[in-house]
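First to last, the protein sequences are chains A and B. Just so we're aligned, residue 3 is where the first sequence starts under our numbering, counting upward by one. Just so we're aligned, residue 3 is where the second sequence starts under our numbering, counting upward by one.
Certain hints may be false.
A pair holds if it fits inside one copy or across any two, identical chains being indistinguishable in the list.
[Said to hold, decoys possible] DMTMM-like, lysine to aspartate or glutamate: derived pairs with alpha carbons at most 25 Å apart:
| # | residue 1 | residue 2 |
| --- | --- | --- |
| 1 | Lys398 | Glu411 |
| 2 | Lys315 | Glu275 |
| 3 | Lys231 | Asp375 |
| 4 | Lys399 | Glu70 |
| 5 | Lys122 | Glu415 |
| 6 | Lys13 | Glu70 |
| 7 | Lys282 | Glu403 |
| 8 | Lys72 | Glu61 |
| 9 | Lys345 | Asp64 |
| 10 | Lys231 | Glu396 |
| 11 | Lys179 | Glu61 |
| 12 | Lys84 | Asp364 |
| 13 | Lys398 | Glu251 |
| 14 | Lys139 | Asp64 |
The hints are simulated quantities; they were obtained by calculation from the structure and are not laboratory data.
Take a look at the letters that make up each chain.
Number of protein chains: 2
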Amino acid sequence: MKQSHLFTKTKKESPTDEVAQNAELLIKAGFINKEMAGVYSYLPLGLRVIKKIENIIREEMDAIGGQEMKTSILQNKEIWEKSGRWSDKDIDIWFKTKFKNGGEVGLSFTNEEAYANILKQYISSYKDLPVYPYDFKSIFRNEARSKSGILRGKEFYWKALYSFSKNEEGHNEFYEKAKLAYRNIFQRVGIGHLTYITFASGGSFSKFSHEFQTVTGAGEDTIYIDEDKGIAVNKEVYEDEVLKNLGLEKDRLIEKRAVEVGNIFSLGTRFSEPFDLKYKDENGEEKLVVMGSYGIGLGRLMGTIVESLSDGKGIIWPESVAPFKVHLLSLGDDDKTNSEGDKLYENLSEKGIEVLYDDRRDVSAGEKFADSDLIGIPYRVVVSKRSLNDGGFEIKKRTEEKGKIVSFEKLTEEF
Amino acid sequence: MKQSHLFTKTKKESPTDEVAQNAELLIKAGFINKEMAGVYSYLPLGLRVIKKIENIIREEMDAIGGQEMKTSILQNKEIWEKSGRWSDKDIDIWFKTKFKNGGEVGLSFTNEEAYANILKQYISSYKDLPVYPYDFKSIFRNEARSKSGILRGKEFYWKALYSFSKNEEGHNEFYEKAKLAYRNIFQRVGIGHLTYITFASGGSFSKFSHEFQTVTGAGEDTIYIDEDKGIAVNKEVYEDEVLKNLGLEKDRLIEKRAVEVGNIFSLGTRFSEPFDLKYKDENGEEKLVVMGSYGIGLGRLMGTIVESLSDGKGIIWPESVAPFKVHLLSLGDDDKTNSEGDKLYENLSEKGIEVLYDDRRDVSAGEKFADSDLIGIPYRVVVSKRSLNDGGFEIKKRTEEKGKIVSFEKLTEEF
């Protein structure tokens, strides 16, 4: 894409109403727009990142048998009354609105009820199980405070998968697969080395739930990490008995701030009971389905990547989620430089390499370098009179200090 | 995908609370789930169709210079007050809700305000124009009645593009390109032959807007078609003077019911004025940006395809939007038939041909045929003892009465 075509521009000034570094950088670089506190729109660059993250998650969910669907945002009061989660007394983050012809309706803040209600129509026999439906959708939580940028939104884009299994054994087997799929996701988006599987409180149906916590100073959670074992414990269950149970020693644990980038829960029969979600087993006996839930907020994940990998100059995107792979800067105002830049852009594009081409004519070299660092595309390639004199193009990774000159012919081998 | 893996099943009974044929067929076939009147979830088969439609629209929008983004659903009251469209007196289809810490917020029913507000930050010079941003998002309209299935939802999935041009001339040029792109879209999704560009009322800034109307008995609109010219006039502007203006003769026009599957509007400066959306032209003079809007409801388009192309047995998907290209039915309970079916499924899948493989063992041939007709996948391939004896597989298009036997080797050539 030519940068002259991209409608966003970087901003020199930081937004005055943001305290979160992720939102500050993403707004300055033109990835997102703040609509209200806790509500952001994704501009073209930001949507490209979200789509890369979405595709990685989709691949991992499909690999463990997931079936994608798209459930509604408007939620039926009657369905939520079944599970006892309609009342504002029980759930204090609902957004609710009214139909013109009367009657309240909620905005989806999670998907257990909708899924149990849909699946009830299709599950009657053991042959119908297990099933692992999921969807990507916008979710709404009426949070009182919103100071964490896209780490905690009132509206956010979310993946949720629910597992429907015959029994605890089947559930546990899938739960372990989901753990691995989650590990893969965080590895693939570039924060695996900072992300710990973390024991957290499990609710009524299991001792623990599992969170994936990414270490960053911007985190709202406190976790205690055992580096050798590669696991952590959330503060909420940081007790002597729990540590003993998990075989952890207090003086080997390091306290860190972290962001919960994903969580997986065993739900037992918490939702199959109120929805009477039963199946006939091999002996004709009626049994309740055992459920699990597996969530990831895509905006939060994007924000966490920004928080944990940026530097003083701007964002540093891992290749897997970067809006483009290569940022090609043309610094010349002479025909030769411009035509070499155009040629390289076309050549790389033809090879399927995603390039943002800074072809702007009225912008100084200094500004182009600063923009490139701020936007954070993994490879920067510069074409200028000097680089051509030196034998080609200067290529430099966003994480490197110094670049090197590479000829036109050799350049694509770098990627 | 193996049908034994797909969690949905067809239903024998029609839903009792649907009067619209599109919703009746789509629910029976397992494409959608009704959450409430006017609110539907898309199940795996349904989402596959929506994604095909989305990709076609995306390709056509990108081809005319569109830049995709993803704007928020929650809408800022202050922004809508600028354009005078916040009050329920002016707009009677708002869904509104409240923040916990006070203050009202709306659910997006259209995108003019959000776009003008975002673009204002990035447009200051003639060099920044034209721009054509768009997004796909869920939209909410508080309609009093919802009896048309997915043709008219209270929540629906929607594409909107807005054009920002320097002047009327630039606007008109793009408007004509958008018309062609819309024609391409309806052609590509398989209803081009039923869809007419239709003159409708234009609002305050232009004589006419243009609707794309698809002829079907389920339509809520009445249009008057000139078959020879391939254009139509909406009832709302069906007046002698308008017909004369357009060079149409009353007695050559045919009255039909139709669904508005898309519309394009010239907005003039209706929104750039309240948002003070100005740019400096080549002479340093400040001028207002000229806007246009271009919408398509994806669910409505999917419902229109179902309404206009189905037959007594079920849905007939055009290849371009079908959830799968081939429906492979294995009718045998013998090893030979099953293994031939498995082999063909793997072979076609490896070739990148999308196959739904009805590998269910406990379902009769009659049921499988009925399911296949209901679901409406373009090609049906049957493997059975008899077909193997006859030399291979029976292949039949959904629109054909009779199939033919084709050998394993020749089969892929058919697609």
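Hint-by-hint comparison with the structure:
For a Cα distance limit of 25 Å, the shortest separation of Lys398 from Glu411 inside one copy, 17 Å, qualifies, whereas the shortest one across copies, 51 Å, does not. In the homo-oligomer, the alpha carbons of Lys315 and Glu275 never lie at most 25 Å apart, since the shortest distance is 53 Å inside one protomer and 37 Å across protomers. In the homo-oligomer, the alpha carbons of Lys231 and Asp375 never lie at most 25 Å apart, since the shortest distance is 36 Å inside one protomer and 55 Å across protomers. Taking CA atoms no more than 25 Å apart as the test, Lys399 paired with Glu70 passes in neither setting, with 36 Å inside one copy and 27 Å between copies.
Proximity of Lys122 to Glu415 under the C-alpha cut-off of 25 Å is found in neither arrangement, the shortest distances being 53 Å within a copy and 41 Å between copies. When the C-alpha separation of Lys13 and Glu70 is checked against a cutoff of 25 Å, the pair qualifies only between copies, where the shortest distance is 20 Å, while the shortest distance within a copy is 38 Å. With identical chains, the CA atoms of Lys282 and Glu403 are never at most 25 Å apart, being 64 Å at best within one copy and 39 Å at best between copies. Taking CA atoms no more than 25 Å apart as the test, Lys72 paired with Glu61 passes in both settings, with 16 Å inside one copy and 22 Å between copies.
For the identical chains of this complex, Lys345 and Asp64 are inter-copy neighbours only, at 22 Å across copies versus 39 Å inside a copy, given an alpha-carbon limit of 25 Å. Within a single copy, Lys231 and Glu396 get their C-alpha atoms no closer than 42 Å, and across copies no closer than 58 Å, so neither meets the 25 Å cut-off. In this assembly of identical chains, the alpha carbons of Lys179 and Glu61 lie at most 25 Å apart only when taken from the same copy (14 Å versus 36 Å across copies). Taking the shortest Cα distances, Lys84 and Asp364 never come within 25 Å of each other, neither inside one copy (62 Å) nor across copies (34 Å).
Taking identical chains as interchangeable, the C-alpha atoms of Lys398 and Glu251 are never at most 25 Å apart, the minima being 44 Å within one chain and 67 Å between chains. Proximity of Lys139 and Asp64 under a CA criterion of 25 Å is satisfied in both settings, with 17 Å inside one chain copy and 23 Å between copies.
When the structure is compared with the earlier hints, violations turn up for hints 2, 3, 4, 5, 7, 10, 12, 13 and for no others.
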